[in-house]
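Residue numbers (the numbering used here), protein chains in the order written: chain A, 755 to 892; chain B, 183 to 414.
Calculated directly from the structure, the hints in this document are not laboratory data. Don't take each hint at face value.
[What the hints assert, rightly or not] Simulated coverage check for chain A against chain B, where a stretch passes if three residues somewhere in it have a Cβ under 8 Å from a Cβ of chain B:
1) 764–770
2) 802–816
3) 859–868
The C-beta atom is built at its ideal place from N, Cα and C for all residues, glycine as well.
Okay, here's what each chain looks like letter by letter:
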Amino acid sequence: MSEPGSIQQALSTIPDEDLRAQCSLLAEKLLAAEAIEHSSWTYRGLGRLIQRDAADPLLHRCIEALSSRRSSQLLEMHFLYFDAHRDDPDGEPIDDEIVRDAYRAGFLVDPHDGREVPNFESLIAPYFVLKGIHGTDR
Amino acid sequence: MGPTVEELRREAQKTAVGRLHWAIQLWNFDRPTYEAWVELVEDAVLFQIRLVAQSKSNFHVLGEDQISRVIDIGLKNLNLDSSAMYINGNTDITIRFDTYCWLGEAKLALDNSKILHGYDQLTSRYASGMTGQTSGGMLLYVTRDNAQVTLDSWRAALAVQVPNCDHRDGRVPLTFCSSDVCQSTGQALQITHFAVPLLHDPQEAKRGLSEAAKAAGRAARKTARAKRAGKT
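Same shape as in the complex, but just chain A (with noise of 0.2 Å):
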């Protein structure tokens, strides 16, 4: 994971002032103490934090500065799946891997049942960790 400070510096630079504040504002909260303890975050669990609806594009851009941009990358994406078979609402963390194959494929495979899923993209939602941990609180 980058140094706090170099995090906060990098994101000094995105010229749109609502969203380096609100950005800003997310990294603080995801490096404060308390919030290190908790170790995964679903869209939702990001809002929450900065008092944002899981819908706001504004959250989402957040999320994207604070996952994709290198300079400033504090989160790392992974993925629940929600079996359409199986009455879970919370889902279950998905291996990585078996994400990349499904795009690659463009079905995915079912980690229970081997069942081949096409249409993957309605039944997994992305969660998220600090860079360099890989946790399933949500």
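Guided by the hints, dock chain B onto chain A, whose structure is given.
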């Protein structure tokens, strides 16, 4: 359940920048081919060129280094891993993802000899020619002439200088593409040439209405008044 990937993708499709951001965010899972990656990188470069051209009054006096740094900052803000470096009097922009690399050579397009110097640096000095590193671009900052005229002139000069360059139209106006061979690996290099229109020569203070134009205006006014008087 947070938003699914399908929902996030649908939301991202609403804007060009959204599409770009989302594609970049998924690259670690939905890895593009090198060709698809280059197309996306060049779309991002074109997006930044459009922004710079829209503010040409601010940029036409700057040197290539400063303009390149502005473009580099814009590319970083599109979440690309971009860097601009000033080496031996030339600025190049490097964009990377994993093993992929795209090199951009920036030149003030003052004459074709200067542009060729940059082109030779790009194709012989910087390009590695390794797999996933065979595409790049020439960013021609055109401050003193019409951008299309400058690009056409350079294209004609390149066709003679590099007879096998296979020059062809680009995907969008003010671009063309060509090929070359990397000296060190023998691999084909694909180069996109971008003209960045920065000529800023406002005409409003220079050009007055001609006598003939003034006379035409007066005659039309007179005719219109006569028509109105006839109706009443």
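Taking the earlier hints as the rules, which of them does this structure contradict? 3
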